[in-house]
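Spelled out from the first residue to the last, the chains are:
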Amino acid sequence: MLTASSLSSFLKCPIVMVILIGLVIRLVVAPLITFSNDVAFWMFIAGTEEGGTGLYETTSYHYTPPWGYVVAVGASVCSLLGITDLGTFADELLPYTGGEYVVLDAVPSIAFSFMLKVPLIVVDLLVALLIHRFVSGRTGDERKAVAASAMWFLSPLVIVESSMHAMFDNIAVLAIIVCFLLLLDRRYVLAGAAFSLSVLVKFFPVFLTFLLIALVLKREGVDSHGAACVGRALAGAIAAFVLIELPSLLAGDFWQSLHFIISRLGFTAEEVGGIITVPVVAAILLVVIAAVAAVWYMERSRGTLSRIVSEAGTEGFHRRVRRGLVMVFAVAMIAILAYSFVSVGGNTAYEVFSSFGMRFVTVMSVLSLLIEFYLAYRLLFLGDSSEKRVATVVMLSVAAIFLWPPAPQYVLLIVPFVAVYAAMHMPALSRPLLMFSAAFAVYDIMMSNASALFSLAEYTGWISMDSLIPVVEFMCSYIGPIPMVGVVMAVFGIISYISMLYIPYTWYRAREVLHEES
Amino acid sequence: MKNPEIAILAVLVAVLVAGWAVIQVDIYGGTSVKVTAGDDGTDVRIDGLLPSDYHYSIYSGADVSSELYYWYDESVECRSTHQMQSDFFDSMDALLKVRNHEAGKRADTQALVEMMERTIADGTVSKAAVYFCGDVLPKAIMEDGLLDQWIRAGGTVHWTGNAMGAYVTSEAGIENWNPAAFFPEGTVADGSADLAHNHTYWSQRLMPTLSQCTNGLNVTALNENGIRAVSLGLINDDGFSSYAVCDYGSGRIYVLGMYTSAVFPAYYQMVSADVIASGIDTDTVESFSGDGKKGYWGTDVSIDYSPSAGDVLYLRLGSPFVNWATTHAF
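Sequence lines, in order, name chains A and B. Residues in the first sequence are numbered consecutively from 11, following the working numbering. Residues in the second sequence are numbered consecutively from 30, following the working numbering.
Chain A with its partners taken away, still in its complex shape:
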């Protein structure tokens, strides 16, 4: 039976305090501040979905299907609760639309925005609880578990993304954490499914593929048993991918549904769809099957794979891997440069450079992938198997995903992994993590700027739209030929990017100190 004293002691429990503080902040902020532009898109999607229009039938939805499904559920819950006012138009904003600084005259209602934020706040909470459970289970230290949870749940960036921006990256974070936990539990099929779900929510966890494979093999052995376990995870991942994408496949919208992923690589869905046709897919499958058969045959007849595995930890092999990765990067750079040259017809050096610049993200993604591969290789074949070392590789792998200056919501993925590592192994990372979270939160708020208060102005008398217009005008202004929004983006983006690099830098310095002490 609940008594006053048991309630009091429950509320004094540190994790409960963290959760209550985090929830109170979110529930206060969520109705007041809404990054209007993105939520206006969710409003549009909700309207068309309810009308029976599929996700990709109109040219409005550019993400993979999962978030569209969540919006559909959210909008239906709104309707069931009688919330029918999804948003409105603000005439005052019309003169500022269509410029460099994105302003939409469509302003979502407070009720609709709040209803979409609720599931995202629940996701924040679930991640916090999973972090707490994991750290507590591993260390038996409640203080560390609470600290790790707090670094996530009270992170300014996490609060901004779920409760102001209504961006769904935290669902990808939740799914990838579930994937890691299932992997530790040796539930490889489900882990693979969670991995696919995470990638299909927001792409970036795909960079952790090498790491996840290395973790399975590290645990199960680099042998046929380990390969079978990887195979099970792969089967789960493929099955989940196909199931989630099935409606798009059946509707003929498959490549369009992958627009966000494909555009990260500097291509359009149409370009990729034109290249990857059914015969090409069949040919790739045949090549993969032939390669697996060849490896199997060479292993059976000459023990080639076993020899490579036994040599993989030697210094000579390590040197060859590093050299090979540098070669791969050089070839990739040349290939991307050549494609840039061909795609613009090679008219002028400026055009080639511009086209190459457009593919900067692709180049940095290749670099990220190679670093991810190297870290996974090191985890698998070099050094000891201590939990701290594994955790270090996981933390560094996640931190290495975003080598190009990313949008604030993307880097949410970094927060839980660094938080757990800081709490369990390196408290010195707590401060850089807080700085990183604060810098990206401020960056996102500055980019949203006055639009964060449009809903409040339209739906309450607390602030007038007229009072926000000067700020909108400022963001729409120019310094010479340079748009002000570009200046704001550059200043806050650079500060945020430096704060992100400060995390591995701090780890490196702290590691050196530890080495010196030992």
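Hints should not be assumed to be uniformly reliable.
[To be verified] Computed far set for chain B versus chain A, every beta-carbon distance over 10 Å: (1) Asn32; (2) Asp82; (3) Gly90; (4) Tyr98; (5) Gln112; (6) Ser120; (7) Asp122; (8) Leu124; (9) Asn205; (10) Pro208; (11) Phe317; (12) Gly347; (13) Pro349.
[As the list claims (entries may be wrong)] When the alpha-carbon atoms are kept at most 25 Å apart in a straight line, the in silico DMTMM-like pairs for lysine to aspartate or glutamate are as follows: (14) Lys63(B) with Asp95(A); (15) Lys168(B) with Glu106(B); (16) Lys322(B) with Asp101(A); (17) Lys31(B) with Glu152(A); (18) Lys31(B) with Asp95(A); (19) Lys126(B) with Asp95(A).
Rather than coming from a laboratory, the hints here were simulated on the basis of the structure. All residues carry an ideal CB built from backbone N, CA and C; glycine is no exception.
For this one, chain A is given, so just place chain B on it according to the hints.
Using the frame of chain A, we list chain B on its own:
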């Protein structure tokens, strides 16, 4: 809980399945509207599953084209890509579907020529409309004046892009043509973004944003030239409209003042779909309108207005973006 991660995964899957199901179930498409008109007014009943805001208008002089064609020809180069045009028309179809309007039929240049010649010959031009979003016209309907003749005979054209007639295309490629082929010089915006800014504006209910004035018609100047033109969207101080319709012989031309490559075109296409589904044109007068909120399982709306024969009731559900709409002709 022993395995919370499995429970979380299950919940995530359940949410996705529920979302997919919501999209598949045509909640508003299943809505039925019963309109009855008595001597003392009109009663409308909206049935359906979920509540929604609604808006109705009764238009006099609206004229819905029964056959909509999209000019789409992959054999000729256009100023906007074929993929953009294809996506644009797919999107239009989806938006028309939820407005209970037939989808458009894609016609290449040859099919378009045949349709125009056929409808002129059998006198059914006024039932047909053609949508161009390639920012270029096919040379085959320009060089012998077929398009001009067809519109003057009562055809309807929906246009988006630079000045209509400024460019034509054929298998030989894109050519400069005559920017004043359909509208007098100075009555079409020159693509300058400045037109969209630093102006006061006047708005009405069907409103694409003012930024679409960049390629819009100057309705004030057209009217001064004796060409009847009406703004359906927004209009700036100089008279440029984000979305306008003007008379052309017995036919009409609608100009949505945007490029096909505009960011988030569906936002503006919704207005275009409303115009097509409701049939409003230069003759149309909104004689009655109102707002309300539909409750669960049906709402009765009493409109204290006696419609005349030929009037059109256009009912839209959803705020502010349309979830579902329908036209009822009296």
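Kindly indicate which numbered hints from before are broken by the structure, ordering the numbers from low to high.
1, 2, 5, 6, 7, 8, 12, 13 and 18
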